[in-house]
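J.: These are the residues of each chain, in order.
Protein chains: 2
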Amino acid sequence: MKIVDNISDIKSILKNVNSTIGFVPTMGALHNGHISLINRAREENEIVVVSIFVNPTQFLEGEDLDKYPRKDEADKKICKLCGVDYLFMPDINTMYEKDEIILKASKTKGFILEGYKRPGHFDGMLQIVLKLFNIVNPTNSYFGKKDAQQLSLINQMVKNLYLDTNIVECDIVRENDGLAMSSRNVYLTPSQREKALNISKSLKIAAKKIGAGQLDSDIIVDTINDILNSVDGIDVEYVVVVNREFNLIDTIELQNTIILIAVKIGTTRLIDNIWI
Amino acid sequence: MKIVDNISDIKSILKNVNSTIGFVPTMGALHNGHISLINRAREENEIVVVSIFVNPTQFLEGEDLDKYPRKDEADKKICKLCGVDYLFMPDINTMYEKDEIILKASKTKGFILEGYKRPGHFDGMLQIVLKLFNIVNPTNSYFGKKDAQQLSLINQMVKNLYLDTNIVECDIVRENDGLAMSSRNVYLTPSQREKALNISKSLKIAAKKIGAGQLDSDIIVDTINDILNSVDGIDVEYVVVVNREFNLIDTIELQNTIILIAVKIGTTRLIDNIWI
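For the record, the sequence lines run as chains A and B.
Per my numbering, the very first residue in the first sequence carries number 540; after that it's consecutive.
Per my numbering, the very first residue in the second sequence carries number 540; after that it's consecutive.
Hints are computed from structural coordinates only; laboratory data are not their basis.
Keep in mind it's a predicted model, so treat the numbers as computed, not measured.
Hints are not guaranteed to be accurate.
Chain copies aren't distinguished; within one or between two, either way the pair holds.
PhoX-like cross-link-like pairs, simulated, lysine-lysine; straight-line CA separation at most 25 Å [claimed, not checked]:
(1) Lys616 x Lys748
(2) Lys550 x Lys685
(3) Lys643 x Lys698
(4) Lys541 x Lys684
(5) Lys698 x Lys554
(6) Lys698 x Lys637
(7) Lys648 x Lys637
(8) Lys637 x Lys616
(9) Lys619 x Lys743
(10) Lys734 x Lys747
(11) Lys550 x Lys803
(12) Lys698 x Lys550
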């Protein structure tokens, strides 16, 4: 595995390969969720590129940019073990200039839910993802379904800007007890972690109800809210039912629905979802 | 010459060529300025692609989108005569969806001068140019120095987003009497056109003064303003001296200065400039 920190270097290496390139962009602190993306990229491509870059433009003022977990040495080992060919770890100062051209997420999809709570977050995310796509020139790019709204916006960007990479949507990876993998899980105390299990539990119960024929979004939302609100210390931000285009829907459509949850437990914000 | 109106078609044709591609994006109404870009692209590349698309997102409300000159049949003939390989003329409905991800020009460079008079114009320009770059995948892309601020912003976009195309900056083409070629010149009455000659004349006189050692921007600006203001019917919007980064400069730097003029004659807005 080659570790590259220079943009021109990685760009010229990857420009001249005549092989399929699988790309997994990350902010590091790699967990089993990332590893499943890397493994899938490894299976499906001749060359695998992972990037680690904690992107400042997607953090809002007062957010956890400075304390975002950084585990460079462990991450390198993980990538090497997973058979990554190139690990791209650029320095922050090389990725941005002072007064750049920026991207603005679409008004409807970019400023609801996660975008409402974190206005500007998706603009910064799209900006870095577009830069990385143009640097790495990937055949296939791997993203987790956990960040469903991010994934939807990336799909939209690929379509709007006629990008060449194929976006591969990967299933959420969970701990044995059901908690969705997240770099932010390390912030949870043991008792908070216990409470957090109700998130995936509520989604599972909702899915069961849907499987039994309940397609009314309101009833499904109520079911989830009842479970979450019954736990002291879970502060529900939203529970919503959307279609794949991220429009709120009253009736659940099989194969085209995502149920999204965002909560705060203590100071830690957690999101989870299920694709129906 | 092949005329293509379908995005997927042109994209797949050009993706599979293993040749250098020279690209000239235009809004049609081709004049000698465009022809000089096409000729240069023809000399320097194996395949030449011209696009004609009057891009709505770079016109502001109340601007001349509807009456912008359209000369499709003449344009096709010109492209054919110039040895263009592919003429890309997409339909407006295929280039944009309803609620797209958009680009925002940099704050300093995007909202001064032309961007101050036409706020949002450069955002739309960058959006269409990025789309076209991603569709055509050009080795070299040809732009005129007449739209100097546009050129500067495109250079910045290529740098910020790590695009692969090489931007070729082409000299302004003028009528025999000095008037810079522009699709908007057709709006001028004969007497307005006569008045308009003072624009290039004032730039020429300024260049002469600089050649003789006058490097004080204020004096150069005064010289130009004196000439333009002495003509009844010329309404000066701005006369400025900037460096190639589009910062205003007090002292002219040889090889790094652009003197920019924008005026209105009747209802027609004209711009011109000289690179020192």
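J.: If the cutoff is 25 Å on CA atoms, where do lysine 541 and lysine 684 land: within, between, both or neither? Let me know, please.
T.: neither (28 Å within a copy, 42 Å between copies)
J.: At most 25 Å between alpha carbons: which applies to lysine 698 and lysine 554, within, between, both or neither?
T.: Both: 22 Å inside a chain and 16 Å across chains, each within 25 Å.
J.: At most 25 Å between CA atoms: does that hold for lysine 734 and lysine 747 within a copy, between copies, both, or neither?
T.: within (21 Å within a copy, 78 Å between copies)
J.: When no copy is named, should lysine 550 and lysine 685 be tagged within, between, both, or neither for a Cα gap of at most 25 Å?
T.: Classified as neither; 29 Å inside a copy, 32 Å across copies.
J.: From the Cα coordinates, with 25 Å as the cut-off, is the pair lysine 698 and lysine 550 best called within, between, both, or neither?
T.: Classified as both: same-chain Cα gap 23 Å, cross-chain 13 Å, threshold 25 Å.
J.: Quick one: lysine 616 to lysine 748, C-alpha cut-off 25 Å, is that within a copy, between copies, both, or neither?
T.: neither (42 Å within a copy, 65 Å between copies)
J.: State whether the alpha carbon distance between lysine 637 and lysine 616 is at most 25 Å within one copy, between copies, both, or neither.
T.: Neither, since 33 Å and 45 Å both go past 25 Å.
J.: Tell me, please, which holds for lysine 619 and lysine 743 at an alpha-carbon limit of 25 Å: within, between, both or neither?
T.: neither (35 Å within a copy, 63 Å between copies)
J.: Go through the copies and call it for lysine 550 and lysine 803: within, between, both or neither, with a Cα cutoff of 25 Å.
T.: Cα proximity of lysine 550 and lysine 803: none, with 40 Å in one copy and 45 Å across.
J.: Under a CA distance limit of 25 Å, which applies to lysine 643 and lysine 698: within one copy, between copies, both, or neither?
T.: Classified as both; 15 Å inside a copy, 18 Å across copies.
J.: How would you label the pair lysine 698, lysine 637 (within, between, both, or neither) given a Cα cut-off of 25 Å?
T.: For lysine 698 and lysine 637, the Cα distance is within 25 Å only across copies (12 Å; inside one copy 28 Å).
J.: Treating 25 Å as the Cα threshold, decide for lysine 648 and lysine 637: within, between, both or neither.
T.: Between copies only: 12 Å across, 27 Å inside.
When held up to the earlier numbered hints, the structure conflicts with 1, 2, 4, 8, 9 and 11 and fits the remainder.
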